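*Asks:* Taking my numbering, I'd label the letters of the sequence shown as residues 1 to 158.
Bear in mind the hints are in silico, worked out from the structure with no lab data behind them. You can take every hint at face value.
Simulated restraints on C-beta separations:
(1) E48 with D93: 25 to 33 Å
(2) E65 with Q85: 25 to 33 Å
(3) T34 with G13: 15 to 23 Å
(4) Q133 with K50: 38 to 46 Å
Predicted model, so just to flag it, every value in this text is computed and none were measured. The beta carbon of each residue, even a glycine, is placed where N, CA and C say it ideally should be.
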Amino acid sequence: QLKPNESDQLVNGLPLGDQAASLMAPGFAADPPTIPIKIDPAQPPLLEFKLRPTFEIRGAVMAGESQISQVTPTRITLTGPGGTQTLVPEPMDMNRIMAAQTTRQSKAFGPMFIFLDLPAGSYNLSVEAEGYQPYHATIQGTLGKMEIQQIKLQKIGK
1 QLKPNESDQL VNGLPLGDQA ASLMAPGFAA DPPTIPIKID PAQPPLLEFK LRPTFEIRGA
61 VMAGESQISQ VTPTRITLTG PGGTQTLVPE PMDMNRIMAA QTTRQSKAFG PMFIFLDLPA
121 GSYNLSVEAE GYQPYHATIQ GTLGKMEIQQ IKLQKIGK
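Produce the entire structure from the sequences given, and follow the hints as far as they go.
*Replies:* So, in structure tokens, the structure goes:
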């Protein structure tokens with residue numbers, strides 16, 4: 001955070017000194033994920049990232065036909081090439097969401113989830129939430145692509 005008297009210490013809106021730069025592109029992983037840079041008015045920083053194609057799945061879990069009522073799952077499981085990953089959602093926190101994407105970690109926060117750096121292939125996705133019927137889907141993954149899942153869970157007994 002910048003203090004008000006530091007506003008004269010900005011170059012193109014960025015604070016002077018040592019910083020870190022990250023690049024996020026759907027369906028790609030940046031190598032390296034973060035680059036140290038120095039903000040100096042005399043010399044603009046040079047950013048060199050290599051993008052490697054991957055497959056990723058992002059999603060949100062909702063109740064039934066609602067576009068508003070979100071459901072926090074108890075478990076989200078993805079099985080496919082390379083094995084099985086199970087996510088247990090953590091509380092929503094935008095800083096941790098950004099950190100997970102920057103460091104390329106598959107995570108779930110509240111009703112939202114993301115599986116990153118997946119190889120191409122066929123995946124089985126399952127979502128479980130208390131009081132709702134389990135959800136299952138098969139997803140075909142292609143390198144350089146991002147699949148978005150809007151999951152609508154049905155209450156048990158309906």
